[in-house]
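Protein chains in written order, with the working numbering: chain A, 1 to 300; chain B, 1 to 218.
If you're looking for bench data, these hints aren't it; they were derived computationally from the structure.
Remember, it's a predicted structure, so these values are computed and weren't measured experimentally.
Keep in mind that the hints are not guaranteed to be accurate.
As the list claims (entries may be wrong) - Lysine to aspartate or glutamate pairs mimicking DMTMM-like chemistry, simulated, CA-CA at most 20 angstroms apart:
1) A:LYS56 with B:ASP215
2) B:LYS87 with A:ASP69
3) B:LYS73 with A:GLU130
4) A:LYS61 with B:ASP215
5) B:LYS86 with A:ASP69
Stated by the list, open to error - Computed, partial: chain B to chain A, Cβ under 7 angstroms:
6) ARG14
7) SER74
8) GLY75
To be verified - Which stretches of chain A does chain B cover? Using the computed rule of at least three CB atoms under 8 angstroms from a CB of chain B, they are:
9) 50-56
10) 72-82
11) 96-109
For glycine and all other residues, C-beta sits at the position ideal for the given N, C-alpha and C.
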Amino acid sequence: MYAIETHELTKTFRGTRAVNALNMHVPEGAIYGFLGENGSGKSTTEKMITGLMNPKSGSIKLYGKPHTDPKLRAEIGVLIEAPGCFPKMTVYDDLMMQAYAMNLRNPKQEVERVLKLVRMGGSAGRKFRECSLGMKQRIGLAKALLGRPKLLVLDEPINGLDADGMRIVRETLTYLNQEEGVTILVSSHILSELDKIATHYGIIKRGKLLREIKASQMSEESGDYVAIKTSDDRRAFELLSCNFETHPQKDGGIRLYGVDDNARVTSYLYQNGVTVGEMVNRRISLEEYYTRTISAKEAV
Amino acid sequence: MNALLRRDIYRLFRTPLLYLFMLCAAVIPGSMSVMTGFEPGYDAWGQVSGLFSAGIFAIAGVFLAFFIGNDYKSGAVKNIFSLFPKKRGYAAAKLITGAVAGIMILLGYVLGAEVFGVFTGADFTSGLFDMLCAVVAKAGMMFLFSGIYVCVAALFRNKVWFSVFGILAVTMLFIPALLITLGTPLIMAGLSIAAGVIGLFVFPGIAALIMKRLDALA
Ligand SMILES: Nc1ncnc2c1ncn2[C@@H]1O[C@H](COP(=O)(O)OP(=O)(O)OP(=O)(O)O)[C@@H](O)[C@H]1O
Ligand SMILES: [Mg+2]
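With the hints as constraints, model all of the structure from the sequences given.
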């Protein structure tokens, strides 16, 4: 079942289509990276999914039910654009207010838990406006995590974070996804970070979804390979070609496609008297794939 | 609604603006009396409880404009409306919070009058019963007006100043209604409370409709 499924979702602003007949599928348990240029409609889509904007047409389903279902909506955590905190309040008070609104059983413990999760426990007493950009983002994430939502919708949560902050958020998201089974829809321009955690991708351009793909599919489709150089390339070719798609290169060396375990290749060759001198994995980066997708469709 | 009300009340008493507005309300009776040139012993309460007490509603309205507007402006509504697709509870909580704030401001006004009386000898105590009735009547009316204000603020969302002017305009429209004296004060108090109760049931629904139609985020 899909955690989020949109059908021909459309939103217009004064006649222009910010989101245009979008059909998006976020599987349960996924970390779905939502990519697109500035102004392509990511935030608008997320606002509609979370009920903060009304679609012009089309529909949204969460776990197979209409997205207006109050029971389902109570289980969503959102961080869209800037975190929604009162500037003059302390971080603690702000989160307490949210905890009250959500009618959480142990509001104090819950607030402390989420602040600890994003390593902001020490800043609870600060006024929100006195926090740095990176701290604010993490506080916004903490707010989204109150009440243990099963679906997180995050719009550029790592915007303005330093390397350490990014790592903390990445680890938090991975933890939530793997240990607590939280489904995460996350948009970001920092592709190298998404590349590390996302299981699925959706690429949007001018309100249209260009591509929706599994991370694993992405590497297959884009022809990831392993390049090896050996003591006896001819013999190696003979040995490997029955198991892999194998291409000898003009400048020496062999390319292997569809390898998932490099060590097995090396030991197999070694057992047959061929030693591997060099082995390089060539995996397409998200950045490369993204650029390729965006520009390929440009020509159309 | 209860949980949202708890949130708003928690926020209300952590809002410096409330205390500032209470203080403003507190100095009104004194300054009004000074301006009208009072003499010790004259019926000061009769003076100040007249026209300008409508001002209490305006102050309460402006407060509510900020209270609701800042919910939108800060983006805090993102974490509320995403969780609560039904807006009625939100509107009702805001109505009650607005009325509570209004009553606090009203109390500031009455207290200000009494303190001024103690120091200057102006008589704010003649007809204590009438005064209590007036306070109860205004408290009741607060619920009605708060409901109207919530609707206006729902319309302008994060545009706080539009809400402020909208609410002031609405209050002006209703000044005649605020001044109506209907027989004995006791009847007035009763009628006002009835009006407040009706407002409590009618306006959250209307405000919810407005909120539903409009995008929560600009
Ligand atoms: N409230 C609004 N009023 C008018 N136009 C809007 C509004 N919000 C968004 N738009 C327009 O809709 C389009 C999509 O905007 P959106 O914010 O969804 O893009 P985005 O993908 O989130 O971009 P970014 O990466 O910069 O955050 C843009 O052309 C934007 O100008
Ligand atoms: Mg955006």
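Hints and how they fare:
1. A:LYS56 with B:ASP215: Within the cut-off at roughly 11 angstroms; holds.
2. B:LYS87 with A:ASP69: holds, 13 angstroms
3. B:LYS73 with A:GLU130: holds, 18 angstroms
4. A:LYS61 with B:ASP215: holds, 19 angstroms
5. B:LYS86 with A:ASP69: Holds - the C-alpha atoms of ASP69 of chain A and LYS86 of chain B are around 9 angstroms apart, at most 20 angstroms.
6. ARG14: holds, 6 angstroms
7. SER74: Given a least distance of 5 angstroms, the restraint on SER74 of chain B holds.
8. GLY75: Since chain A brings a Cβ to about 3 angstroms from GLY75 of chain B, closer than 7 angstroms, the hint holds.
9. 50-56: Three-residue rule met by the region 50-56 of chain A, so holds; n is 5.
10. 72-82: holds (count 7)
11. 96-109: holds (count 7)
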